[in-house]
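Number of protein chains: 2
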Amino acid sequence: MSSKVRIGLFGFGCVGRGLYDILSRNNTEFHVEKVCVRQRYKHRGPDSNLFTYDPKEILDDPNIDIVVELIDDHEAAYSLATEALQRGKAVVSANKRMLAGNLDTLLGLQKDRSPSLLYEAACCASIPIIRTLENYYPSGAVHGIEGIVNGTTNYILTRMFHDGLSFGEALSLAQQNGFAESDPSMDIEAFDAKFKLCLLATHAFGVVLPVDKVFNYGISTIAKEDIAYARSHGSTIKLIARSAREDGQLSAAVLPAFIPLDHPLSSVGNEYNGVLVHTPYSDAQFFHGRGAGGHPTASAVLADISAAASHYRYNYDKTQSDTKPAFTNDIAVDVYCRYGDTDIARELSLDSIDRRYSSKTHNYITGRVQLEALLQSKSVRNTDVFVGVLPVVSQS
Amino acid sequence: MSSKVRIGLFGFGCVGRGLYDILSRNNTEFHVEKVCVRQRYKHRGPDSNLFTYDPKEILDDPNIDIVVELIDDHEAAYSLATEALQRGKAVVSANKRMLAGNLDTLLGLQKDRSPSLLYEAACCASIPIIRTLENYYPSGAVHGIEGIVNGTTNYILTRMFHDGLSFGEALSLAQQNGFAESDPSMDIEAFDAKFKLCLLATHAFGVVLPVDKVFNYGISTIAKEDIAYARSHGSTIKLIARSAREDGQLSAAVLPAFIPLDHPLSSVGNEYNGVLVHTPYSDAQFFHGRGAGGHPTASAVLADISAAASHYRYNYDKTQSDTKPAFTNDIAVDVYCRYGDTDIARELSLDSIDRRYSSKTHNYITGRVQLEALLQSKSVRNTDVFVGVLPVVSQS
Chain A
1 MSSKVRIGLF GFGCVGRGLY DILSRNNTEF HVEKVCVRQR YKHRGPDSNL
51 FTYDPKEILD DPNIDIVVEL IDDHEAAYSL ATEALQRGKA VVSANKRMLA
101 GNLDTLLGLQ KDRSPSLLYE AACCASIPII RTLENYYPSG AVHGIEGIVN
151 GTTNYILTRM FHDGLSFGEA LSLAQQNGFA ESDPSMDIEA FDAKFKLCLL
201 ATHAFGVVLP VDKVFNYGIS TIAKEDIAYA RSHGSTIKLI ARSAREDGQL
251 SAAVLPAFIP LDHPLSSVGN EYNGVLVHTP YSDAQFFHGR GAGGHPTASA
301 VLADISAAAS HYRYNYDKTQ SDTKPAFTND IAVDVYCRYG DTDIARELSL
351 DSIDRRYSSK THNYITGRVQ LEALLQSKSV RNTDVFVGVL PVVSQS
Chain B
1 MSSKVRIGLF GFGCVGRGLY DILSRNNTEF HVEKVCVRQR YKHRGPDSNL
51 FTYDPKEILD DPNIDIVVEL IDDHEAAYSL ATEALQRGKA VVSANKRMLA
101 GNLDTLLGLQ KDRSPSLLYE AACCASIPII RTLENYYPSG AVHGIEGIVN
151 GTTNYILTRM FHDGLSFGEA LSLAQQNGFA ESDPSMDIEA FDAKFKLCLL
201 ATHAFGVVLP VDKVFNYGIS TIAKEDIAYA RSHGSTIKLI ARSAREDGQL
251 SAAVLPAFIP LDHPLSSVGN EYNGVLVHTP YSDAQFFHGR GAGGHPTASA
301 VLADISAAAS HYRYNYDKTQ SDTKPAFTND IAVDVYCRYG DTDIARELSL
351 DSIDRRYSSK THNYITGRVQ LEALLQSKSV RNTDVFVGVL PVVSQS
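Protein sequences, first through last, are from chains A and B.
Residue numbers for the first sequence, in our numbering: 1 to 396.
Residue numbers for the second sequence, in our numbering: 1 to 396.
A couple of the hints might just be wrong.
Said to hold, decoys possible - In silico DSSO-like links for lysine-lysine, alpha-carbon gap of 27 Å or less: (1) B:Lys-378 - B:Lys-224; (2) B:Lys-111 - B:Lys-4; (3) B:Lys-360 - A:Lys-324; (4) B:Lys-56 - A:Lys-4; (5) A:Lys-213 - A:Lys-360; (6) A:Lys-360 - A:Lys-378; (7) B:Lys-378 - B:Lys-324; (8) A:Lys-213 - A:Lys-378; (9) B:Lys-34 - B:Lys-224; (10) B:Lys-34 - B:Lys-4; (11) A:Lys-111 - B:Lys-378; (12) A:Lys-4 - B:Lys-111.
Keep in mind the hints are simulated off the structure, nothing from the lab.
Just so we're clear, the structure is a prediction, and the values are computed from it rather than from any experiment.
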């Protein structure tokens with residue numbers, strides 16, 4: 001690539017503006033040649049000649065080396081990314097939904113000497129976790145990953161625990177402070193976290209997870225009784241994305257979990273993210289940093305732009321390993337289920353029940369259930385039900 | 001490299017055994033061909049044919065692809081590493097003293113297409129911090145690094161704060177538990193931490209630090225009065241290696257520091273290590289993991305072996321940057337100096353004094369001093385003096 005690396009940017013929201021801002025303030029080797037936006041007449045700030053609403057102005061421009069895709073629409077993002085790659089342009093993306101939903105195809109597009117597709121910003125913003133899993137940990141070296149990978153829900157849970165807010169109050173506060181979107185369902189129902197977990201699992205274990213079969217359960221039904229239960233057990237509640245290999249099999253799910261207060265993930269507050277990488281010979285390595293926000297996410301985009309300019313690409317070596325594990329939902333987890341009218345013990349197929357509690361205000365059971373049973377259950381989605389994973393005593 | 005990658009190992013202490021153990025338990029692509037040790041007749045455990053006391057049996061063997069150097073003697077380690085590199089063998093080392101003391105020469109040896117020299121295990125054992133600084137953060141992206149990079153001193157300080165032990169008692173306990181060597185001076189006087197800081201600074205900022213001009217001050221004179229002072233100010237004391245760029249200049253030093261209890265580094269306990277990477281647009285990223293021990297360090301060695309087998313090498317791109325900062329000791333730090341008979345206010349050239357305290361048991365001053373003044377001062381090394389850095393309010 002010639003003296004200045006030329007960038008075509010799709011999207012000028014929070015992250016796009018952040019990136020433009022960082023690049024404008026620093027004299028870097030990168031130049032934003034064109035920005036493609038959807039709304040033609042919206043006031044944009046920088047020189048209006050910079051903007052176009054025609055994707056071809058970027059995709060067809062042979063002078064543009066790197067396409068940075070920061071739009072919300074995952075289907076449009078997929079078209080742009082694949083077209084750009086096919087035209088020999090490197091692509092940097094932060095769209096976890098687009099990436100997780102199309103990993104198999106995107107891996108197929110990345111043959112030897114093809115341009116880079118990089119997406120560190122799609123996962124935990126400022127934390128360089130994808131690069132580290134991809135490059136540092138050899139195949140077979142990671143036994144498990146677990147993390148707080150969604151800033152919105154972590155902000156909500158932090159405010160509920162610290163300030164005694166209800167879920168609804170905490171969600172409103174998150175929206176006021178820019179930590180939740182007007183339609184927050186992808187975040188609070190743990191889809192966003194699931195997409196990120198899929199990306200992490202590919203780089204940690206070499207497995208492309210079937211997104212629809214990975215169980216995700218959010219925090220929209222959490223109530224003060226659940227928080228009281230956590231407190232009385234020396235725990236907090238966090239939305240945890242977890243994937244672990246055991247005996248050649250790989251489990252993966254996103255659920256609220258009761259996290260003991262001495263566990264590293266309990267200290268990850270507000271919109272921060274944190275990831276633990278469990279390894280057999282050195283316990284766990286913990287990575288912590290800002291998980292959301294224009295500038296932190298744009299910093300990750302910039303790191304990827306810089307890497308793409310040096311022709312760095314993910315090798316996906318672990319996907320070629322003979323010993324990579326096979327995805328399964330046939331794995332048991334210990335859960336707490338709080339419920340009202342739904343007779344959860346009857347409706348959910350549990351392996352065993354340890355404790356039953358009932359009172360005038362609420363009921364709960366604790367017991368063991370297969371991930372597959374949770375995935376198949378409709379009743380766990382009832383608004384009077386909240387499910388949380390109980391701590392595994394042996395896990396650090 | 002052919003089917004099995006052949007390794008020649010120098011040293012069979014804690015880390016060497018750990019590596020052999022990990023490789024024996026897992027069917028990897030790596031085979032330990034020969035182990036060179038100093039003491040000929042010591043019982044070694046594995047097949048005695050594996051062992052040699054003649055370095056040539058490894059260096060002259062054309063079948064050996066990678067030399068892993070895990071010996072204590074830094075001068076011998078340097079000879080082995082340079083000879084191996086010159087013979088086209090990749091080298092993996094954990095010897096921070098050898099590396100930090102010879103970085104300029106070692107960088108010179110690493111021309112294009114030369115074999116790799118990798119040393120993740122030399123810094124923070126299980127935490128992949130060198131690789132991350134080298135590859136993830138572009139030139140200019142890091143404003144500062146600060147970390148707890150020495151497990152021995154962190155174990156001692158943790159036991160002093162948690163169990164009320166004196167320095168001597170905590171040191172004995174560390175020695176009993178294998179966290180301190182029989183001659184602990186390199187650790188407790190902060191030389192080990194300084195060597196690691198030099199490696200970190202090269203990969204974070206592209207600067208090869210002049211080891212002898214980097215101020216290191218350990219914890220051997222810490223007393224209960226200092227711990228009481230920390231407690232009364234809502235802080236703990238940690239041995240902090242810190243390097244920061246400002247206005248084109250780079251400062252670096254290792255000193256005990258008062259760390260507020262809400263600071264991420266305050267939670268790094270016992271033999272663990274933790275590093276904060278400060279970046280302008282996304283605050284700080286925090287990396288935490290086991291900083292010592294045979295298996296954790298050997299895991300890092302194995303990650304490097306794996307990377308060397310894929311011909312990964314550090315590019316040291318930042319050392320080529322036009323905007324890399326220049327090392328300086330002309331920078332002021334706010335310190336606490338506790339003293340007995342030494343008239344520290346007279347002997348140490350301070351820029352200013354904020355507070356003076358004296359009593360029958362001890363005295364202290366707080367004030368501002370240049371790093372250069374600390375480096376030149378003999379009296380700060382007196383046994384009745386303890387210096388600690390006070391928190392910078394603006395730093396997170």
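Hints and how they fare:
no.	hint	result
1	B:Lys-378 - B:Lys-224	23 Å, holds
2	B:Lys-111 - B:Lys-4	26 Å, holds
3	B:Lys-360 - A:Lys-324	67 Å, violated
4	B:Lys-56 - A:Lys-4	49 Å, violated
5	A:Lys-213 - A:Lys-360	36 Å, violated
6	A:Lys-360 - A:Lys-378	24 Å, holds
7	B:Lys-378 - B:Lys-324	32 Å, violated
8	A:Lys-213 - A:Lys-378	14 Å, holds
9	B:Lys-34 - B:Lys-224	49 Å, violated
10	B:Lys-34 - B:Lys-4	14 Å, holds
11	A:Lys-111 - B:Lys-378	62 Å, violated
12	A:Lys-4 - B:Lys-111	26 Å, holds
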